[in-house]
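S.K.: Listed below are the residues making up each chain.
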Amino acid sequence: MLDYMRSNRREVIAGLVLIALLATYLGTHPRGASTYVMTIWANQCLILGLAACAQFFAVVVRGIDLSVGAVMALTNCIASYLLDGSASGIAFGMVAVVAAGALCGLLNGVIIVFGRIQPIVVTLATASVFIGIALLLRPTPGGAVNYDLADAMTLDFLGIPTALVITAVAVVGFWLPFRRTGLGLGLYALGSSEQAAFQSGIDTRFIRLAAFTLAGLFGGLAGLFYSFVTTTGDAGIAAGFTLNSIAAVVLGGVLLRGGVGSLVGALAGAFILKTIASLMFFSGIPSLAQPLFEGLILAGAIAIGGADVLRARNKLEVYS
Amino acid sequence: MRSAITLDSLMPFFGVVVLILAGSVFFPQVLSAGYLTQQLQIAAFLGLLATGATIVILLGHIDLSVPWVLTGAAILSTALVGTGNPVLSAIAVPAALAFGALIGVINAMGVAILRIPSMVWTLAVNSMLLGLAVLNTGGFNPKGQSSPLMVAMASGDILGLPISFLVWIAISLILGYVLTRTPFGRYLRSIGFNEKATFLSGVSTPSVLFVAFAIAGMCSALGGVMLAGYANQAYQSMGDPFLLPTIAAVVIGGTSILGGRGGLFGTIGGALFITLLTSILSVMQIDDAWRNIIFGVIILAMLLFQTLRKGAVA
Amino acid sequence: MTDIRPPLLEMKNISKHFGATKALDGVDFACRAGEVHAVLGENGAGKSTLMKLIAGVLQPTHGQLRVDGQDVALNTPQDALRHGLVCMFQELSLVPDLTVRENLLLGAPGAGLGWLRGTGLSDAQDVLNRIGGDQIKMGARVADLTLPQRQQVEIAKAIMKKPRLLILDEATSALSASVVDRVFELVREARDGGTAVLFISHRFHEVEALADRVSVFRNGQRVETFLKGAHDYGEIIDMMVGQKIEELFPQKPAGLSNAEVVLDVRSFSWEDRVKDVSLSVRRGQIVGLGGLDGQGQGAFLMGLFGLLRKADGTTAIAGQTSDITSPKVAKHQDIALAYVPEDRKTEGLILDQSIQENLELAALGRTDLDAGDAALYSGSLDQLALKHGGLDLPVSSLSGGNQQKVVLAKWLALKPRCLLLADPTRGIDVKTKTQIYAILRQLADQGTAILLLSTDYEELIQLCDETHVFFDGAIVASLKGAELTPQNIIAATLNVATNEAARHA
Amino acid sequence: DTYRPECFAPAPGTSEISYDAKDGPYKLAFVNGFAGNDWRIQAIQSAKAWAARPENAGKIDEFTVVSVGNDSAAQIAAIDNFIAAGYDAITFIAVNPTAFEPVIRRAERAGTILVPFDNVLDTDKVVQVNESQKALGALKAQTVMDTLGGEADKILMVNGLPGNATDRDRRLGMMSVLEQVEGLEIVEVVGNWDTGTSQKVVADALATHGEFDAVVSQHGSAGSINAMQAAGHPIVPMGVDGENGVRMLMDELDIPGVSASQAPAMSAVALEAAVALLEGNTLPQTIFLPIPQVQAEALEAGVNYFPDLPKSFNTGTGYAECFAPFTPEELLGQSPDNT
Ligand SMILES: Nc1ncnc2c1ncn2[C@@H]1O[C@H](COP(=O)(O)OP(=O)(O)OP(=O)(O)O)[C@@H](O)[C@H]1O
Ligand SMILES: Nc1ncnc2c1ncn2[C@@H]1O[C@H](COP(=O)(O)OP(=O)(O)OP(=O)(O)O)[C@@H](O)[C@H]1O
Ligand SMILES: O[C@@H]1[C@@H](O)[C@H](O)OC[C@H]1O
Ligand SMILES: [Mg+2]
Ligand SMILES: [Mg+2]
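These protein sequence lines are chains A, B, C and D, in that order.
The working numbering puts the last residue of the first sequence at 320; the count rises by one with no breaks.
The working numbering puts the last residue of the second sequence at 634; the count rises by one with no breaks.
The working numbering puts the last residue of the third sequence at 1139; the count rises by one with no breaks.
The working numbering puts the last residue of the fourth sequence at 1478; the count rises by one with no breaks.
These are calculated hints, taken from the structure and not from any lab test.
Be aware that a few hints might be false.
What the hints assert, rightly or not - With a straight-line Cα cutoff of 30 Å, these simulated BS3-like cross-link-like pairs (lysine-lysine) come out: (1) B:Lys630 <-> C:Lys862; (2) C:Lys862 <-> C:Lys646; (3) C:Lys979 <-> A:Lys315.
Unchecked claim - Far from chain A, by Cβ distances over 10 Å, these chain C residues were calculated: (4) Arg775; (5) Glu819; (6) Gly868; (7) Arg1060.
What the hints assert, rightly or not - Derived list of chain C stretches under chain B, where covered just means 3 residues or more per stretch with a C-beta under 8 Å from a C-beta of chain B: (8) 693 to 700; (9) 946 to 952; (10) 968 to 980.
C-beta atoms are modelled at their ideal positions from N, C-alpha and C, and glycine is treated no differently.
Work the whole structure out from these sequences, hints included.
M.R.: Take a look at the structure:
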């Protein structure tokens, strides 16, 4: 147990910060901890959580994906056309939405791998293209998502918020097994040392393509879940999510230099970020002071992770 | 000393020429001196921001606080001028620059001392500045105004050349000199490639980071002052539209986002290119959706062209 | 031994060019199953390049590779693995952020992208146990291992793949003699089982101990291939360097006991990693620091250079007590300390920058020097005979030995009063070593205090006037003169036998 | 009949809505979207100024304001939170006009009244407070065409932030007038409701298209005027927004036309509407507030613009038909720490 905590120190810190913030939030909430309040909270958290998962896959291979928000916007607009109508139509629609996200990611990956251009730059450009396409689909917000489906995905299941169930499924059903596959390990290897990965006989191109495709896929999932929450399509949602997804993964202990961190951490980081924002609701902080407080808490949470280095007794340690 | 002018950094200038020629097919006025000098004037705002960003990117970092440093500097300088007090008006520009430098120092504290990735720390600083601006506007709201100096810097011209452009180029030349001819410039790029080895060579790498982020903050602040002079006022969010174009300008100018490689010459081309591209898409009245798509595709094409050329050489 | 089968691996007229550099030029080379084939040559001779071609990491500019007489194209390491060609690289192929187990899984035979089973893990564990790596935890992060431990893991990872051809490219450079012996035993076993082994080492006695056949390379060409024993040591060195090497180590001057003290360290402690270390260096002396890896000697050097926070103790240089808090302070002309770090690629050099820029970097911050003045470097560059294609080329284009020369030259430009060297000759060829030894001795004679951390006890014996051996953070033996024998050093290293006498307060 | 129709004027063809009266004092919340925007800050200040007025203060138990950013999911969450906390009414500026259908249902179940304003919803289920965006656009276009005597060759139209329903409707309003003009060439640029951006795009349009007979512009119009001045463009009729700086310029340069605004004080009217509904009054489902407007000739310093206030200040400090407009002191004197 102690060993586990030491080797996953970053995730553990993120988890503790999250618990503290959530307790404060529930403590200040007039309604307190209840399924309703937890459901509202979890829905928001999961959207950014999925976006952070998308960012995680780019970051773990030492990249950055500036198109996460744009992929969400595009898939959200697609969803607003496909998620209403017959049950089979909706089922197909959900698959199509996620596939569209994966396709965006694959496109990023292809340009990054075969064009040999830095991910951050590629995705800066493709984000513009994705948003353009989203705007073609939805010049102004509109469309609809089947309300029953939306309710099923965004309310609760036996008193447990569906969003938390989905989070658990993502972790237990996908991430933990995935981490034990060659692909899962390959992502870390590539991000930690491309040279070593290559010399170990790993197909680094394929892994990088896979990483960005997964990033796109999770971007699509984020867009899909966003569609359930908002039941509509909006091309203008990109801006906030991209930068927040980066902040989220860092808060969750994922290192931007690649090779370190986990999907669990990314999720925790996203939940932290959204909980900070939720704290404002009943904090009693004057409305015009809220953005400042939000910024201060964010900076504080980030600095907690950073303060670690002040303890380093060997000055070279901070450079690794 | 290796030349700052590489083929990579020339690329955006070719791009500018192509854009002008292509644009003139639809609008012959694009070739007029009036339109072109206007682009120089406007490119200066982006250019100044990109100048600061280049320095930080050469270090291997990134500064996402540009938007609200810009806005904050604009609010501060116009507020000082707005007091009507001649002394306060006179120090408006220096005060804004000092503000930029201060924020740069705060950025550097997170990055150099706490070793927080610049990409998130500067983002957090950006949110705090937004918060401060909101609080400030809401609480006591001084009448704001740009000083004649600010207006002249943004909109005046000397011998037909916009002063904003001349200021930008002058600053690029000074900083270009610093980057290529001084130890500081060498340290900067060395850190961009390998901070640890630079530190072990007896360089006080934190100081370099502090100075670099401070310079970047001052560039953003100067951009804010100029933009306030241009619009004759300051307003919330005035910096938001500049963040991504700033990064795009630096990268198009051939500076590696990984640090170490690149320079200000290319950034000048990058800022001109992005400004012109935006302008031409605007005057062509292309639908917003298509503007986004074309913008992205052209940036990608430029980048692919750069790497393909390198591939062909290797 | 007559073998009518085609060689396991055959290379025909192979060339590899990097821009203008011809790393390999028209090489014919073959390696048979069941032989240990040593490849010798000075730094930059092209040995590693040859291995990388075999491992599919690089592709030849011209020429053809054959496996079992069949033409093959090895475009990726996977291609090579498929033919059973496995390489342990000079730069390790371990992923630092993954655990030992994960690294082994990644490299395991048949590991694809799908579900990973632990196949081969127990083989790897067996190998580790046999080569003294039983301490290494499967769950430990590779980045947290010492270099020798990493080399052990790398060996296990290579062997678990059951290679038909195993390449050891300076794979044992950081291992202690006893571990090397066990590795060799393993290699011999593999050879006897029909594996072909290509072996690269700069330590001649290792070649002596292991090789069946030897190929010598020089300047990208194969000079000669012969059975071990066909040529003696001197002849082989002549072949390698193309000239005669008279003496590897320079003559030690006698009678220094009352020369002035240049560096004096008292009661240096840091955390619980360095314990109360005191030593001094006199004019004309080279003082060695020995010990197993990770006993605190490396940390001690770092501490002297101002890299450790909250270290206790005093340091005096030329009688002047100095408080050294950072490398910047350390290199200042009033103190004039220089430190050549252990890992030249990540700590000593900025690989993407030119040789010139690297040379200037240390001098740049010194107000009393003009870093742009070529005269600062030309002397040591000439003396070290830096082999380069132009000072404006990236330093990464140099071979390991020549890179190390750049690191040295960059610091010598500052005319340091005290030179701290962390294993500067690891992976460096014999000729370069002589050059480095000569320059060190000359510097010492001129009054530079030299502290030399080394894993090579030959150096500690032949080059150093006095050697302090570290164990668990403290100096357990200080040996000089006739006490400097391999037996004493090894004993002290393991902190056995007569350690009481050597321990001082 | 609906309650106080001079203020809460019904949109053409709209229905009526009322709820059972509830006893006060009430718990009210205002959920803003993005905060870093002068208009929105002033909307927050107006809401607080309204709540501070003695005639309102007595009716209020709690009044909370939060800003959530440009994220409709976050806004939905905020509203849900206030519903969960038992708030009586929630006003909000919707980040997205179509995303609130499920929230409306949840509010209805909980008995919480929702009153969207400014950026409103595509719904007929709740009372919404706004100006007619189409009328706002049409007013500007009509005024400049009237000034020009109904004839023009070329007109410049500066649009707002694409993707917003308000931008779309204001443009449609302008178009509805301009399309009637024979042979008129309409040049459109996108100013993003941002003074600097407007200035740039107008400068470019002037450089490439030459002179225009008139200009109609959304938020950020000072930029349009600056650009025309810089290009030496002659004074032509303009339909502009209501920022303080624009009115200063219009008066100083004697630009003919109209300054008409979407007033941030709308936030106060929305609260007033919420209280009216809580008290059991009937209101039109869609309320079109009278558009605050000043013909160029009527501009007067200290009355309808304020040389001592920032240019980014919005002159829309109230709707006289509803209640006495806030004085700038009332808005700015609001200390930020008495929520
Ligand atoms: N990627 C590269 N780019 C340019 N030059 C290279 C590259 N790799 C190797 N070289 C050059 O090729 C030559 C052979 O290098 P190689 O690494 O094969 O030498 P080596 O015999 O293994 O030396 P050492 O004993 O130092 O390991 C050297 O001159 C080196 O500088
Ligand atoms: N348990 C530990 N606690 C703190 N730091 C450690 C620990 N283990 C290793 N290190 C770090 O590793 C660095 C190397 O120190 P160490 O004493 O292991 O070097 P060394 O014995 O001289 O090794 P080498 O022989 O390879 O040079 C130290 O500066 C220290 O910061
Ligand atoms: O209605 C708009 C408002 O929502 C926005 O915040 O500022 C500009 C106004 O026109
Ligand atoms: Mg080698
Ligand atoms: Mg008047």
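S.K.: Please verify whether Lys630 of chain B and Lys862 of chain C have alpha carbons no more than 30 Å apart.
M.R.: Distance ~47 Å between Lys630 of chain B and Lys862 of chain C Cα, so the pair is violated.
S.K.: Keeping to a limit of 30 Å between CA atoms, is the pair of Lys862 of chain C and Lys646 of chain C held or broken?
M.R.: holds, 23 Å
S.K.: Do at least three Cβ atoms from the stretch 946 to 952 of chain C come closer than 8 Å to Cβ atoms of chain B?
M.R.: violated (count 0)
S.K.: Minimum Cβ separation between Gly868 of chain C and chain A greater than 10 Å?
M.R.: Correct as stated: the minimum Cβ-Cβ distance to chain A is 36 Å, above 10 Å.
S.K.: Determine whether the non-interface label on Arg1060 of chain C survives the test: each CB of chain A must be over 10 Å from its CB.
M.R.: Non-interface label on Arg1060 of chain C holds, nearest chain A Cβ at 18 Å vs cutoff 10 Å.
S.K.: Take the stretch 693 to 700 of chain C, compare each residue's beta carbon with every beta carbon of chain B, and decide whether three or more fall closer than 8 Å.
M.R.: violated (count 0)
S.K.: Per the stated criterion, does the least C-beta distance between Arg775 of chain C and chain A lie above 10 Å, as a non-interface residue requires?
M.R.: The claim breaks: Arg775 of chain C does not keep its Cβ more than 10 Å from every Cβ of chain A (closest is about 7 Å).
S.K.: Count residues of the stretch 968 to 980 of chain C with a Cβ under 8 Å from any Cβ of chain B, then say if the count reaches three.
M.R.: Answer holds; 3 residues pass the 8 Å Cβ test.
S.K.: Between Lys979 of chain C and Lys315 of chain A, is the straight-line Cα distance small enough, at 30 Å or below?
M.R.: Between Lys979 of chain C and Lys315 of chain A the Cα gap is close to 18 Å, so the pair holds against 30 Å.
S.K.: Taking the minimum C-beta separation from Glu819 of chain C to chain A, is that value above 10 Å?
M.R.: The claim holds: Glu819 of chain C sits with its nearest Cβ about 25 Å from chain A, beyond 10 Å.
In summary, the structure is inconsistent with hints 1, 4, 8, 9 from the numbered list given earlier, while agreeing with the others.
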